[in-house]
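Student: Please put together the full structure from these sequences, using the hints given.
Protein chains in written order, with my numbering: chain A, 4 to 318; chain B, 7 to 341.
The hints are simulated quantities; they were obtained by calculation from the structure and are not laboratory data.
Calculated Cβ distances over 12 Å to all of chain A for the following chain B residues:
{"hint": "1", "residue": "Glu26"}
{"hint": "2", "residue": "Leu28"}
{"hint": "3", "residue": "Arg212"}
{"hint": "4", "residue": "Glu215"}
{"hint": "5", "residue": "Arg234"}
{"hint": "6", "residue": "Arg244"}
{"hint": "7", "residue": "Ala247"}
{"hint": "8", "residue": "Asp266"}
{"hint": "9", "residue": "Pro270"}
{"hint": "10", "residue": "Asp276"}
{"hint": "11", "residue": "Arg297"}
{"hint": "12", "residue": "Ala308"}
{"hint": "13", "residue": "Gln312"}
{"hint": "14", "residue": "Leu335"}
To be clear about the criterion: a stretch of chain A counts as covered by chain B if any three or more of its residues have a C-beta under 8 Å from a C-beta of chain B, and this derived list gives those stretches:
{"hint": "15", "segment": "38-51"}
{"hint": "16", "segment": "76-88"}
{"hint": "17", "segment": "92-100"}
The beta carbon of each residue, even a glycine, is placed where N, CA and C say it ideally should be.
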Amino acid sequence: MNDLGALDAIVLRELLDDERVIYMHTHPPREWIEKVGRERVRTCAISEAAMVGMAVGAAMRGLRPVVDLNRASFMLCAMDQICNHAAKIQYLSGGQYTVPLTITCALRGDYHVDVGREHAPYAMFLNVPGLTVVVPGSLPDATVLLRASMRYDGPVLFFVSPLVAAGDSTPAWQPLSIGQARVARPGDDVTLIAIGAAMLIAMDVARQFERDGVSVEVIDPLTLAPLDIGSLRRSVRKTGRLVLVEEASGDATATMGIAARLLADAGTFAALRAAPQLVLGQPVPMPSALAKEEAVLPSADQLRAAVERSLRAAR
Amino acid sequence: MEADRCKGSAQLTDSSVSNEVLADLYLQMCAIRHVDEWLLRLRAAKLFVGAVHPCSGHEAIAVGAGAPSGARDVVVSYYRGIGHAVAAGADIRRLVAERLGLQEGYCYGRAGEFVICRDARLQFTAAIIGSGVAIGTGAALADQVTSTGGVTIVFFGDGALGAGIVHESMNFAATWALPVVFVCEHNGYQDHTRTEEVYPSPSLSRLAEGHQIPADLVDGNDVEAVYRAASRALHRARSGAGPSFIEARTYLRCFHLQFDEPPPPYRPPDEEAAWLARDPLTCARHALLTRGAEGAELAAIARSGQERVDVAVREVLRSAGHPAAYAALAGRPAP
Chain A
4 MNDLGALDAI VLRELLDDER VIYMHTHPPR EWIEKVGRER VRTCAISEAA
54 MVGMAVGAAM RGLRPVVDLN RASFMLCAMD QICNHAAKIQ YLSGGQYTVP
104 LTITCALRGD YHVDVGREHA PYAMFLNVPG LTVVVPGSLP DATVLLRASM
154 RYDGPVLFFV SPLVAAGDST PAWQPLSIGQ ARVARPGDDV TLIAIGAAML
204 IAMDVARQFE RDGVSVEVID PLTLAPLDIG SLRRSVRKTG RLVLVEEASG
254 DATATMGIAA RLLADAGTFA ALRAAPQLVL GQPVPMPSAL AKEEAVLPSA
304 DQLRAAVERS LRAAR
Chain B
7 MEADRCKGSA QLTDSSVSNE VLADLYLQMC AIRHVDEWLL RLRAAKLFVG
57 AVHPCSGHEA IAVGAGAPSG ARDVVVSYYR GIGHAVAAGA DIRRLVAERL
107 GLQEGYCYGR AGEFVICRDA RLQFTAAIIG SGVAIGTGAA LADQVTSTGG
157 VTIVFFGDGA LGAGIVHESM NFAATWALPV VFVCEHNGYQ DHTRTEEVYP
207 SPSLSRLAEG HQIPADLVDG NDVEAVYRAA SRALHRARSG AGPSFIEART
257 YLRCFHLQFD EPPPPYRPPD EEAAWLARDP LTCARHALLT RGAEGAELAA
307 IARSGQERVD VAVREVLRSA GHPAAYAALA GRPAP
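Tutor: Below, the structure is given as structure tokens:
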């Protein structure tokens, strides 16, 4: 996951504690090979499809592989293995096999890598039954959920932005499991659901509104599949106002799915006092130039305006 | 006549395959042929849905490569896999039930043709060409990491060599000396396309050798030749020397796949006739006759393999609520 100190520490700890864990990467840390051994820390050729396929085969046989695919875009090189096999084997085999596999990758960070690689493709995987999709929005949550992913008995796709997950110190442990959302900041007036790095601007915006006397409840769903819809409903029923933000774009994003599920619940729908507000990235590929990248990503200003629209509306 | 056509078997006969083993391989091949014929009949009668990819013609590879494996080894198959499942020791009743979508099937009818039978060491049956090669190579990785001494046998067709993931997997297997045996059932066609039209050379062994994996080109219709090649490859894998590639030249007796009815002919009739004359069951039978077996004895073996299947099919049809179907279909000619 490239320079994500605290998360790397989690993977190494699990490697040392559980000899079923193996780590597959194109350039694993030398220190890990020395501490754990070449048998379980595998230096791989650049073959994402086979790395994931082999991890599926090894997971079926009792290992707990972690495949680090570097950037989220590289997940797309392994779509067949992820969507047609890892996701389906437990169900299709009638439970004869499970696939305890974790695939990690970095979402957009401050590398500004290039057009082909800055990508937030996690929503694509939400259409595939059998996959668990984790997109944490803070370092403490990322560390806890990475450990939980590695101990989970099914395939987990772990997307983390270096913006939220950078840091060397290991944060305090907190009780949190896969499939649980977290109220990152309690509030009463508006529910703000943010995914991944959008949590950073969501928390900023919430703090700004607090100075104006508006109490914004920020929720990080953390696990997008299976979604903790109950926690999200409770918040929206309480505040009556809903704003959703993420960096991804397109016609079927994760926040769109969340909004639809909330609106489809009669109690939540009845509690809404304003139309939900969506703040997304622009529907274009990520451009290379920094100024253009900034224009494509959702900004704190856009999010603040969305919260204000929600507050102004009344029904 | 028959002796000439099956010359390969007769010439290669040596002490490595005993008469008893060869007779058992022949029995298994007869059972597989019979399952295959039953599945085509049952599908034509619309007793289940989806496609049947018949394996008739490939029996010697399924049986010859599977037989030398042991309890620690696993098999990864692909959609033309009913022979691999039977050779691995899967219960024919549960295999047929799986195809019929019944709860009694290995996967409760969820997997159909892509059956998984853990207790018969069949870890995976790939629906997507080439995908099983990666999964089987990963199974071998698990065996290496945990030092089980087990070997994974991965079956695939010649079409799989067009898939990038197969080459990626072979690269890993060779680099890490993984305990895996790649068995390519080279029948000359991928779907209805001749393999020589889409590959630079008809030699698939050269592709494996490009990955520095030792390759063995064998007559895939000669069960003894396959058995011996697989024994060598299993020994090599178990000793830690790494993967092997077996290119088993063969031919489909019927066709690529069938839905409600067989597809129209798509291969040159003279090519079909030449291969049918070298049918793997005929060759195995001939090898046994050469070793002194009696014709009546061999007929009894064939009947015994077929009866195992008939009993299973009858039971499954009865429990599926089609008690009359067995009698109605049993007499129908197979393709």
